[in-house]
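Chain residues, written in single-letter form:
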Amino acid sequence: MKILLYIVIQLFVIMMVAPLLNGIIKKIKALSQKRKGAPIFQMYFDLYKLCKKSSVVSDVSSWVFKVTPYIVFATAIAAALLVPVSTMIAPEQLPGDIIMFVSILALGRFFMMIAALDTASTFGGMGSSREALISSLTEPSILVSLFTVGLISKSTSLLQIMNVMKDKGVPLVHPVYIMIFFALLTIIIAETSRIPVDDPSTHLELTMVHEAMILEYSGRHLALMEYGAAIKQLTFITLLVNILIPHDQLIALTGISAVMLSLTIYLIKVIGVCIIIAIAEVSTVKLKLFSIPNLAALSFILSVLGFLQYFVLGGRYV
Amino acid sequence: MDNIIESKNMILTKLNSKLSETFSEDIYRSVVDNTNELYLEANPEHILEICTYINTTLGYPLISMFANDEQSLCDKYAVYYVFADREQGILLIIKTLVDPNKMEIRSITKKVHAAALYEREINDLFGIVPVGHPNPKRLVFHSNWPQAEHPLRKDFDVKHKLDFAKEETDFQKVTGEGVYEIPVGPIHAGIIEPGHFRFSVVGEPIINLEAQLYYTHKGIEKMCEGQSIERCLYVAERISGDETFANSLTYCQAIEKIAKVKIPTRAEYTRVVFAELERLTNHLGDLGGLCLDAAYGFATFQFRMMKGWAYWIADELCGMRFLRSVNKLGGVRQDFILGKELKTIEELKKIKSELEDTVKIIKSNSMFIDRVENTGILQTKIATDLNAVGPSGRASGLCFDVRKSFPYEAYKQLEFNIPKHNNGDINCRMNTKIKECFESIYLMIQAIETMPSGKLLEPVKTFEPYQCAFGLTEAPRGENIHWIMTGENNTIFRYKIRTPSFCNWPALCHAVKGNIVPDFPIINKSFNLSYAGNDL
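Chains A and B, in that order, are what the protein sequence lines are.
Residues 1 to 318 (this note's numbering) are what the first sequence spells out, left to right.
Residues 1001 to 1536 (this note's numbering) are what the second sequence spells out, left to right.
Here chain A stands alone, though its shape is the one from the complex (with noise of 0.2 Å):
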């Protein structure tokens, strides 16, 4: 029963809450660069908009194209129920754990990378190539990250870590946890596609990565990508606030005000990524491809100071 309220609550909260951080970063880079900008809800109305229209599909392609969108929301979705956005909703045990969570995010990936092969477009076949080079050199990163905190909490399920993180009190003091909030972050941008890595808003097809996979796709199937591509990242950030940044142990409240308070506070720290990465977004510009792998090396070089510190230090003082 609890498990049941569980998914109905966190899925709540990740489907409502996805689409308004990409309003958020919209807005404030439209800001920073003297423009009014879309409102912050725009996300919504295109889905809404995509959703009514119909799906124009290539004669060449096959059932993977078709079945691709799905398959990309389902992964986003299932993944997003590993990682609770507060630990007071879930229940005492979550099946699934760092591993899963990243080879379900790798299966939808996986389809979209041959999907956008499927239909033989010129640019699908680029963004395909680009998004296995980035991704192959990220993975390693998330994976040593999430290692260590798993080894400092004993455990591979994400409940669990959070649990453990959240009796630690503050943790973010530790230079373990700031290295691996940092690896975590530029991971975020990647796996995001957003700029240095990506350029979301551009209309360059041959600069593009995650938008050349998708370029074919339209109406449902397109609503379902960019919504699935939202919850990915709605998912990454809640993994890195709740994990590093915990919060629920400071409630005293009980009951369902608890509940409130806990999912508020959770969408405060949210929406601080948001502005992180919206500043990360406007100061910076677009790497050179070749210069992605200098970037995912440098996250890789945190995670793996973080999991060498956790021995250095030893695990007592973590």
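Hints were generated in silico from the structure; no laboratory data involved.
Worth double-checking, as some hints may not be accurate.
Just so you have them, the derived chain A footprint on chain B, three or more residues with Cβ under 8 Å [as the list claims (entries may be wrong)]:
#	segment
1	1171-1184
2	1292-1303
3	1358-1370
All C-beta atoms in this analysis are idealised placements derived from N, C-alpha and C, irrespective of residue type, glycine included.
Since the structure of chain A is provided, determine the placement of chain B on it from the hints.
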């Protein structure tokens, strides 16, 4: 003024005797026209030797080449090779006659590389075949245009509807393991004009790029033939949207030379102001586009804002942001500057200080500099061979500017520098444009401050038929050349337009080689060539 003509005359006489000595039997006739144009009629059999001598020994670049149907004058077609001595400010034009029954010329491309596209263009428009051309592919017309139709021949009927030819287009094939082709365009994302790019790549690095342009061939040159000179001014203004003033100025210059009209001094200064305003607007737009392609949002909107200010100045001065209908044959339409001097200078100073701040910020952004440095290098040798013009040429170590080498209007009286860089990468092109923006502002302020009062228009009277002259100006993208031969009753007999984009498109294809595919848009934007100005 007389001194200049005198000295030009001396140079031309010397040059003439030098050439006549070397090719005594092959040069039939020589005429000096419009003080700095030396026309030599040469033997078509030895055209290759003559052009090679001029290009390599004398070091004069081929700046234009075109054909003309002169059957009504001498029963033959004529092909003109235009060389320029940019230090002395003279033009050397070699004319050869082509027999209408043979329709062949010797290709000079193998020795004078800049001729490659001109010869293909002539082949398409006139059907004069360049024998020995290394790549005689069609240029202006694609595979849907019938092979035997050549619209610039006088007997071609424009009303005649052509059949739709269905031929295959083949691109340069690069073969090898892992080589594949990426076709991009002709329709692109964003609101830009059509052009097809065929990349041959291995992974991301580009081995070869072939651009197929001319999707918007409008037949401007044909359209102008037989029209009155006043009407053609409006056509000239519409050759390329963002170079309206440069093209109308070039056209006016050519007609004024033919009509022997000396335009009033105030009109000369007014033209300088508008020409520089157009340059400033374009360069600001280019810089903004460059930053946009690097996803540098802040800088993009800074430049766009300043471009907007520049448009406002144009709007305030002449009521037209794109500067149409400012020029008139023999001067300018009315006094656009009078009473607006202080306001304009104030606005220009505002742009200047904002530009200074923005440039400081973008130059201190190491990520951005990393992006543009050593990307898209156009080597000096290639730039020289292809006659790359304008800021793109000046970024690759070629130091010439029509405003200095062939001074027109009031540029001789004004003080300005020509920025030059040597590396030829995006960074150099960007820096050249930034410096030119400051120079333009400086020039405009000078021109407005030192402008004498007086008349603005010297009417153009009826002149003798079958005269020709060059208009030569520095458009925002570089050297802009119009050649006009007039017909009876102040009409146009032949109008040849060569915009800077025509020279720089092949240069772009070379600059891209060896770079990676995602860098192509930013390299392309650093050249920012016009499709409309190329696909006449």
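Here's how the hints hold up against the structure:
1. 1171-1184: This one holds; 3 residues, not fewer than the three required, reach chain A with a Cβ under 8 Å.
2. 1292-1303: holds (count 8)
3. 1358-1370: Coverage by chain A holds here, the residue count being 4 at a Cβ distance below 8 Å.
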